[in-house]
Amino acid sequence: MRRSDLADLDSLTPELGIHATAGIRDDPSWVPAGVFCSEREWKTAIAPQYAAGLGSRSLPVGASCALQGHAGRVAGLVIGLWATTRQCLRVDPDQLWIRLEAGRSTGIAVDRAAVSRPGTAAGLARQMAGYLEPVVAASRSAGRITARLAWGDAGAGCAGWWRRLHSRTTGPARRAAIATAAGEFFAPGCWPSSPAIKIDAHTDDLRYRRGTCCLMHLAPGKRRCPGCSHLDDAEYLSRWEEAR
Numbered sequence: 001m002r003r004s005d006l007a008d009l010d011s012l013t014p015e016l017g018i019h020a021t022a023g024i025r026d027d028p029s030w031v032p033a034g035v036f037c038s039e040r041e042w043k044t045a046i047a048p049q050y051a052a053g054l055g056s057r058s059l060p061v062g063a064s065c066a067l068q069g070h071a072g073r074v075a076g077l078v079i080g081l082w083a084t085t086r087q088c089l090r091v092d093p094d095q096l097w098i099r100l101e102a103g104r105s106t107g108i109a110v111d112r113a114a115v116s117r118p119g120t121a122a123g124l125a126r127q128m129a130g131y132l133e134p135v136v137a138a139s140r141s142a143g144r145i146t147a148r149l150a151w152g153d154a155g156a157g158c159a160g161w162w163r164r165l166h167s168r169t170t171g172p173a174r175r176a177a178i179a180t181a182a183g184e185f186f187a188p189g190c191w192p193s194s195p196a197i198k199i200d201a202h203t204d205d206l207r208y209r210r211g212t213c214c215l216m217h218l219a220p221g222k223r224r225c226p227g228c229s230h231l232d233d234a235e236y237l238s239r240w241e242e243a244r
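Residue numbers (our numbering): 1 to 244.
Everything labelled a hint here was simulated from the structure, so no lab data went into it. Some clues are possibly wrong.
Unchecked claim - Derived lysine to any residue pairs resembling SDA-like cross-links, with alpha carbons at most 20 Å apart:
#	residue 1	residue 2
1	LYS198	LEU59
2	LYS198	ALA243
3	LYS222	LYS198
4	LYS43	SER11
5	LYS43	ALA243
6	LYS222	LEU12
7	LYS43	ASP26
8	LYS222	PRO32
9	LYS43	LYS198
10	LYS222	LEU59
Claimed, not checked - Okay, the calculated beta carbon distance ranges per label pair:
#	residue 1	residue 2	range
11	GLY53	ASP27	18 to 26 Å
12	THR180	GLU133	24 to 32 Å
13	ARG174	ARG40	41 to 49 Å
14	SER141	ALA22	32 to 40 Å
Using N, Cα and C, we set each Cβ at its ideal position, and we do this for glycine too.
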């Protein structure tokens, strides 16, 4: 993987927060990705701090939302590199650094990453699932959330990046290819537990519907997300229209 590959992805998706690894080890907000495999970190820091940022004291709410955000941060790098270069990043927590602020994953840096080319969407899913298994286990144990919810959160974090990349891809044929890849990414055989994500793609938009609820609406002043399993069809369409 070349530096220019990351620069191109950063230009396309600046909100991903890609950083160079030089100097970040002196910044205490940057932590090795392995921190997210620690039940203790989830119980004492990640989940309660995320919940507090929502005005909540609920560990399940904090764990669920923090997991979705973390999965999305890593997925943005993995899926984004594939979409722009067709390289499949080998996701290794020893090579990833995450900016962790108040329980939220707000930036990502990668060091000495290995890639293979060409990668397939199914291969990306297996890479993400392998990385996420210990993360899901730690967040579940600390936050007292079910496996179904945890993998739904992980899947929703990934789906959000397929949606972003679809919206920033030009031309109907290229958008159709992104939509097809997103569907392949969520094939059940690629995941240890189904993320229960249904891709709903159209020429000018890619939406998704999840089979679970992230619990965000339980925090004060929050409401259900556009892809929430509890929305009826009319509200689902209305909320995604809002999000465009």
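Which hint numbers doesn't this structure obey? Violated: hints 1, 3, 4, 5, 6, 7, 8 and 9.
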